[in-house]
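> Below, each chain spelled out in residue letters.
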Amino acid sequence: MSLPRTCHALAASLPLAALLASPTTLAAPDPGDWQAVVEEARGQTVYWHAWGGDGRTNRYLEWVAERMQAEHQVEVIHVKLGDTAEAVSRVLAERQAGNDDDGSVDLVWINGENFAAMRDSDLLFGPFAEQLPHFALTHPEHNPEVVTDFTLPTDGFESPWGKAQITFYYDSDELDTPPTSVAEIKAWAEDNPGRFSYPRIPDFTGSTFLKQALIELSDADEALYAPVEESDFEAVSAPLWDYLDDLHPHLWRSGRQFPASGPDMLRLMGDGELALAFTFIPSEPAAAVADGELAPSTRSYVLDGGTLGNVHFVAIPYNSPHKAAAMLLADFLLTPEAQAHKQDLAVWGDRTVLDVSRLDDDQAARFELDQDNPAMLAPDALEQTLAEPHPSWMDALQEAWQARYVGR
Amino acid sequence: MLRLAPWLITALLVGPILAGLAMAALPAFGYLPALGGDSLSLDPWRDLFAQPGLARSVAISFSSGIATTAVSLTVVVLFLAGASGNRLDRWIRRMVSPLLSIPHAAAAFGLAFLIAPSGLVSRALSPTVTGWERPPDLLIVQDPWGLSLMAGLVVKEIPFLLLMSLAALHQIDAEHRVALARSLGYRPTIAWLKVVLPSLYPLIRLPVFAVIAYASSVVDVAMILGPTLPPTLSVSLLTWFNDPDLSRRFMASAGALLQLGVTLAALASWWGLECLVRRLGRGWMAGGQRQRGERRLRIAGKALILLAAITALVGIAGLAINSLAGFWRFPDGLPQTVTLQHWQRALPSLGGPVAATLMIAGTATLLAVGLVLAALENEQRSGRQPAQGQLTSALTLLYLPLIVPQIAFLFGLVVVMEALGTRPTRWLVIFGHLLFVLPYVFLSMSEAYRRFDPRWSRVALTLGATPNDAFWRVRLPMLLAPLLTAMAVGLAVSIGQYLPTLLLGAGRVSTVTTEAVALAAGGNRRLIGVWALVQASLPLLGFIIAVGLPRLLWSNRRGMRGTP
Amino acid sequence: MTAPSLEFNRVHIALHGRTLLELDARVAPGEVLTVMGPSGSGKSTLLAYAAGFLAPAFQASGQVLLGGQDITTLPAERRGIGLLFQDPLLFPHLSVAGNLRFGLPRATPDKAARVETALADIGLAGFGARDPATLSGGQQSRVALMRLLLSAPKAVLLDEPFSKLDTALRHEMRQLVFGRLRDADLPSLLVTHDSEDARDAGGQMIELS
Numbered sequence: 001m002s003l004p005r006t007c008h009a010l011a012a013s014l015p016l017a018a019l020l021a022s023p024t025t026l027a028a029p030d031p032g033d034w035q036a037v038v039e040e041a042r043g044q045t046v047y048w049h050a051w052g053g054d055g056r057t058n059r060y061l062e063w064v065a066e067r068m069q070a071e072h073q074v075e076v077i078h079v080k081l082g083d084t085a086e087a088v089s090r091v092l093a094e095r096q097a098g099n100d101d102d103g104s105v106d107l108v109w110i111n112g113e114n115f116a117a118m119r120d121s122d123l124l125f126g127p128f129a130e131q132l133p134h135f136a137l138t139h140p141e142h143n144p145e146v147v148t149d150f151t152l153p154t155d156g157f158e159s160p161w162g163k164a165q166i167t168f169y170y171d172s173d174e175l176d177t178p179p180t181s182v183a184e185i186k187a188w189a190e191d192n193p194g195r196f197s198y199p200r201i202p203d204f205t206g207s208t209f210l211k212q213a214l215i216e217l218s219d220a221d222e223a224l225y226a227p228v229e230e231s232d233f234e235a236v237s238a239p240l241w242d243y244l245d246d247l248h249p250h251l252w253r254s255g256r257q258f259p260a261s262g263p264d265m266l267r268l269m270g271d272g273e274l275a276l277a278f279t280f281i282p283s284e285p286a287a288a289v290a291d292g293e294l295a296p297s298t299r300s301y302v303l304d305g306g307t308l309g310n311v312h313f314v315a316i317p318y319n320s321p322h323k324a325a326a327m328l329l330a331d332f333l334l335t336p337e338a339q340a341h342k343q344d345l346a347v348w349g350d351r352t353v354l355d356v357s358r359l360d361d362d363q364a365a366r367f368e369l370d371q372d373n374p375a376m377l378a379p380d381a382l383e384q385t386l387a388e389p390h391p392s393w394m395d396a397l398q399e400a401w402q403a404r405y406v407g408r
Numbered sequence: 001m002l003r004l005a006p007w008l009i010t011a012l013l014v015g016p017i018l019a020g021l022a023m024a025a026l027p028a029f030g031y032l033p034a035l036g037g038d039s040l041s042l043d044p045w046r047d048l049f050a051q052p053g054l055a056r057s058v059a060i061s062f063s064s065g066i067a068t069t070a071v072s073l074t075v076v077v078l079f080l081a082g083a084s085g086n087r088l089d090r091w092i093r094r095m096v097s098p099l100l101s102i103p104h105a106a107a108a109f110g111l112a113f114l115i116a117p118s119g120l121v122s123r124a125l126s127p128t129v130t131g132w133e134r135p136p137d138l139l140i141v142q143d144p145w146g147l148s149l150m151a152g153l154v155v156k157e158i159p160f161l162l163l164m165s166l167a168a169l170h171q172i173d174a175e176h177r178v179a180l181a182r183s184l185g186y187r188p189t190i191a192w193l194k195v196v197l198p199s200l201y202p203l204i205r206l207p208v209f210a211v212i213a214y215a216s217s218v219v220d221v222a223m224i225l226g227p228t229l230p231p232t233l234s235v236s237l238l239t240w241f242n243d244p245d246l247s248r249r250f251m252a253s254a255g256a257l258l259q260l261g262v263t264l265a266a267l268a269s270w271w272g273l274e275c276l277v278r279r280l281g282r283g284w285m286a287g288g289q290r291q292r293g294e295r296r297l298r299i300a301g302k303a304l305i306l307l308a309a310i311t312a313l314v315g316i317a318g319l320a321i322n323s324l325a326g327f328w329r330f331p332d333g334l335p336q337t338v339t340l341q342h343w344q345r346a347l348p349s350l351g352g353p354v355a356a357t358l359m360i361a362g363t364a365t366l367l368a369v370g371l372v373l374a375a376l377e378n379e380q381r382s383g384r385q386p387a388q389g390q391l392t393s394a395l396t397l398l399y400l401p402l403i404v405p406q407i408a409f410l411f412g413l414v415v416v417m418e419a420l421g422t423r424p425t426r427w428l429v430i431f432g433h434l435l436f437v438l439p440y441v442f443l444s445m446s447e448a449y450r451r452f453d454p455r456w457s458r459v460a461l462t463l464g465a466t467p468n469d470a471f472w473r474v475r476l477p478m479l480l481a482p483l484l485t486a487m488a489v490g491l492a493v494s495i496g497q498y499l500p501t502l503l504l505g506a507g508r509v510s511t512v513t514t515e516a517v518a519l520a521a522g523g524n525r526r527l528i529g530v531w532a533l534v535q536a537s538l539p540l541l542g543f544i545i546a547v548g549l550p551r552l553l554w555s556n557r558r559g560m561r562g563t564p
Numbered sequence: 001m002t003a004p005s006l007e008f009n010r011v012h013i014a015l016h017g018r019t020l021l022e023l024d025a026r027v028a029p030g031e032v033l034t035v036m037g038p039s040g041s042g043k044s045t046l047l048a049y050a051a052g053f054l055a056p057a058f059q060a061s062g063q064v065l066l067g068g069q070d071i072t073t074l075p076a077e078r079r080g081i082g083l084l085f086q087d088p089l090l091f092p093h094l095s096v097a098g099n100l101r102f103g104l105p106r107a108t109p110d111k112a113a114r115v116e117t118a119l120a121d122i123g124l125a126g127f128g129a130r131d132p133a134t135l136s137g138g139q140q141s142r143v144a145l146m147r148l149l150l151s152a153p154k155a156v157l158l159d160e161p162f163s164k165l166d167t168a169l170r171h172e173m174r175q176l177v178f179g180r181l182r183d184a185d186l187p188s189l190l191v192t193h194d195s196e197d198a199r200d201a202g203g204q205m206i207e208l209s
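Residue numbers (UniProt numbering), protein chains in the order written: chain A, 1 to 408; chain B, 1 to 564; chain C, 1 to 209.
Certain hints may be false.
Said to hold, decoys possible - Straight-line Cα separation of at most 20 Å, EDC-like style, residue types lysine to aspartate or glutamate; simulated pairs: (1) 164(C) <-> 194(C); (2) 186(A) <-> 304(A); (3) 211(A) <-> 234(A); (4) 211(A) <-> 395(A); (5) 186(A) <-> 453(B); (6) 164(C) <-> 418(B); (7) 186(A) <-> 245(A); (8) 111(C) <-> 245(B).
Unchecked claim - Derived contacts from chain B toward chain C, CB cut-off under 10 Å, selection only: (9) 382; (10) 458; (11) 462.
None of these hints come from the bench; they were simulated from the model. Where is the CB? At the ideal position from N, CA and C, for every residue including glycine.
Construct the complete structure from the given sequences, taking the supplied hints into account.
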């Protein structure tokens with residue numbers, strides 16, 4: 001072969017090579033070709049941004065990291081957030097700085113208003129969720145909550161991970177019959193000043209209490225499930241502020257200070273400062289009794305008429321450089337093994353999103369709840385789940401609360 | 001090479017701070033093209049001043065700066081004035097280093113558990129003394145006036161100011177002065193206040209200013225002990241900066257400038273107070289009063305410093321108990337059951353952060369020690385050292401990171417890094433730590449280095465040793481003890497850093513401090529106990545080495561005991 | 001090889017424009033030149049100048065010659081001038097032998113044997129491993145002198161080396177020091193305010209005011 005011809009051949013092949021090379025470096029992995037995803041993921045590192053304020057949750061994430069390393073050679077690093085909003089802010093800032101393919105967030109634990117915000121700004125990768133091999137086990141056709149997030153369809157841009165529902169708990173040594181409605185709570189607090197509170201807004205557990213109260217106190221349910229702009233916020237929320245204005249003087253520290261979070265409230269229960277509290281994780285009180293953080297006389301219940309519940313998800317930012325590994329991780333979280341381990345009281349106690357009634361018997365057996373534990377909810381307690389209002393209500397309520405109660 | 005050291009240090013410290021401040025100043029007036037702000041406006045300031053509770057945030061940050069410093073300094077001065085070198089005094093002096101090594105966050109956790117209505121003190125007194133069967137509903141921790149925040153800071157700043165004062169006292173021959181005044185009939189404490197304090201204060205003014213700046217802008221301690229509705233200005237800034245609504249960053253930048261202003265205002269007010277005290281003090285100084293108040297002052301000094309030391313130590317002990325506690329019902333003084341479960345569970349997750357902490361602290365400290373030694377050695381060789389206590393060299397700028405609030409320039413620095421497309425890495429965090437480690441290493445090393453008898457090096461040189469020989473074979477080994485102490489201080493400073501790690505590491509770099517503070521929100525005291533103890537023990541290890549290694553090495557060298 | 005002499009060629013030292021001292025002298029090998037004067041007369045400035053440690057604040061003119069060679073601008077470690085201070089200044093972190101070894105030039109063969117011989121020479125055989133802080137004042141002074149001699153200087157500066165010794169010891173040390181310097185044929189400059197030092201040194205004497 002003569003020299004000029006070699007050069008010519010090289011020159012001709014260059015653009016082709018460039019074309020061939022670009023999809024593998026730039027294009028996102030296709031969740032439809034799962035084998036390719038698994039192979040691409042091997043050796044990648046997933047930076048999973050997730051709220052890090054709860055020891056039990058953090059420990060579960062460590063277990064996930066170990067399993068992912070062993071099973072798929074994927075390194076999972078839990079970036080502990082104080083608030084999920086931090087991750088949203090980071091991805092936004094990266095896009096503003098023109099960083100569209102080498103972001104620092106690979107997976108984010110998310111739902112509600114943060115999901116809505118990221119979807120609105122086109123910050124998410126997808127759709128991918130419904131193509132994850134284990135997603136089918138959630139049977140969305142029977143369980144619409146796994147594809148709906150605060151009234152919004154998820155459209156495959158986030159994958160369900162766990163279920164939360166507001167659950168109240170109290171020390172049965174101190175309290176015979178706990179209040180069973182938002183209105184009763186106020187009456188009870190007047191009789192037992194300083195023994196109840198809710199987490200400081202904008203904590204998500206605290207914000208959920210506001211929504212729970214609003215649903216019970218207002219008769220404008222329809223408005224709550226549509227964007228807040230479509231209704232008269234002041235008129236709809238007025239009963240809530242009247243209620244809180246009355247309630248606050250009877251709260252812990254006379255409402256001049258609030259617990260930092262759900263777990264912080266749990267600590268105050270353990271210290272005997274509070275006599276009544278609530279959590280977003282139904283089996284948390286039972287798990288805390290087992291860990292010596294709450295008195296053995298602790299009991300759980302839900303309000304008459306049900307409490308707010310939601311599903312929490314994981315999503316992948318559009319500029320994640322490790323989407324394959326992130327998808328693999330999202331899928332692993334949906335395996336019966338990971339879901340059962342998560343629900344284990346000794347681990348975390350977060351309820352599964354899988355449709356246990358449609359699993360085969362062996363697998364379903366792993367999800368049986370320990371009903372002997374007296375701190376555990378009655379099995380039928382979670383049948384009445386109130387759906388989350390439209391996410392815009394969360395922001396509006398948080399802002400109004402702060403304007404009303406901060407700096408007084 | 002050596003000659004470049006002071007300039008390198010100055011550039012390393014001043015560059016990032018100025019860049020950070022600039023990138024806070026531009027968005028504060030609406031200019032940040034990356035976020036669509038391309039014209040100057042006052043909107044960020046309008047938004048800022050419309051924030052609920054802003055005035056209160058500012059007031060708490062300001063008063064925390066002044067009150068913390070005033071109380072800490074008063075306690076240190078009274079203690080030193082009344083110290084007579086008896087056993088108790090010596091014990092307190094020996095406690096300085098360990099107390100200093102407790103990271104702020106750990107001390108704050110300890111204090112929180114000590115003074116909370118369901119805390120150790122309340123449990124110890126209940127129900128026997130107080131009659132409380134359940135914790136009283138009292139707003140103590142995170143009180144809206146910031147008193148518990150200030151108390152937490154005072155506990156940590158007393159050892160710092162005490163250490164700085166003890167180092168400065170070497171320079172002014174306090175004992176002779178007191179002896180002279182006593183021969184004129186002055187009681188010792190009064191004598192100290194009248195003849196030593198006026199010379200001591202100028203020597204510790206810089207550390208005092210550093211305390212003001214720190215206390216008015218601290219983040220981690222304020223998150224644990226500070227008020228919440230609203231929090232201090234610095235904590236609010238952190239929230240705004242992390243808000244998913246990016247337009248809030250303009251407001252956050254304005255807030256960063258406001259924080260700088262609050263700190264400067266606190267410094268200026270302090271300076272005003274200084275003038276006032278000097279004027280009032282002049283009359284008292286020359287008034288001839290020799291006896292009155294002697295006993296009361298001496299006892300107050302001793303009692304207050306003991307209270308601070310014991311508070312810190314009992315707080316840590318409380319954390320230790322918590323880390324082993326099973327269920328612990330109020331008002332039991334001790335938990336009903338003891339368990340190793342919290343430690344066992346935390347152990348697997350401790351490894352990574354502990355390794356990262358040590359790696360970052362070790363690297364930052366070694367870099368700092370190298371630079372500081374180079375600068376000091378250069379000073380020696382060129383024969384140009386600033387007169388004692390005077391700050392005339394370019395190295396004065398070294399102390400900038402101690403005066404400019406971290407939070408005011410770190411956000412700007414993050415914006416600079418984002419604009420440069422720099423990925424958050426461990427090196428960035430190390431660099432961020434270096435900004436704060438360097439000044440403290442310099443502060444604790446320079447005194448011993450400058451006071452080192454120059455004849456030792458001269459002997460070595462006239463025996464034919466080169467200047468490098470003299471440095472490695474004489475100066476360095478003879479200064480080993482202060483060098484190790486400076487390194488321990490550097491490690492402690494780095495280990496305690498929260499904000500630089502969080503911001504420059506983008507949350508990806510987790511150290512024991514970021515982990516412990518992240519857990520604060522969860523409020524799980526047992527877990528916090530584990531992490532805070534680990535956090536406190538790492539720097540302590542450094543101090544144990546700093547004290548033990550020279551003793552071991554020089555066990556057979558009487559002349560090396562009682563460091564030069 | 002003839003031993004070198006130490007010369008001060010029209011040396012003039014000033015501070016802030018004020019003349020501190022002037023000196024024009026020559027010290028022959030084995031001789032001691034004594035400079036006397038009260039404190040503040042510039043004695044130690046002269047030593048610092050000759051040894052190469054003069055602080056930049058001083059303005060000096062003139063030359064120092066050693067064996068005819070101008071050493072005025074050489075750094076201290078290359079001047080070949082040894083210095084004996086008021087205090088023995090034995091390095092506290094080294095053993096007695098370690099101190100002596102520090103004086104020996106780097107390329108010296110069989111250092112250990114040289115050190116042993118030197119110790120025996122000053123009556124301290126077997127003291128090598130000792131901590132210098134455990135030696136008596138006189139013993140320390142002897143080690144310091146021996147360390148100086150082992151470094152093979154070409155001239156020696158003495159900065160009131162006997163002022164801190166008690167009277168009984170002082171005479172004995174003078175004999176030893178001056179004897180050794182004479183034996184080694186070294187030109188020496190002694191600054192002191194003790195006229196007995198000057199008498200024992202036996203050389204020429206200059207008084208500063």
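> All hints, please: hold or fail.
Hint check results:
no.	hint	result
1	164(C) <-> 194(C)	12 Å, holds
2	186(A) <-> 304(A)	15 Å, holds
3	211(A) <-> 234(A)	14 Å, holds
4	211(A) <-> 395(A)	11 Å, holds
5	186(A) <-> 453(B)	75 Å, violated
6	164(C) <-> 418(B)	66 Å, violated
7	186(A) <-> 245(A)	11 Å, holds
8	111(C) <-> 245(B)	75 Å, violated
9	382	7 Å, holds
10	458	6 Å, holds
11	462	4 Å, holds
Of the numbered hints listed earlier, those contradicted by the structure are 5, 6 and 8.
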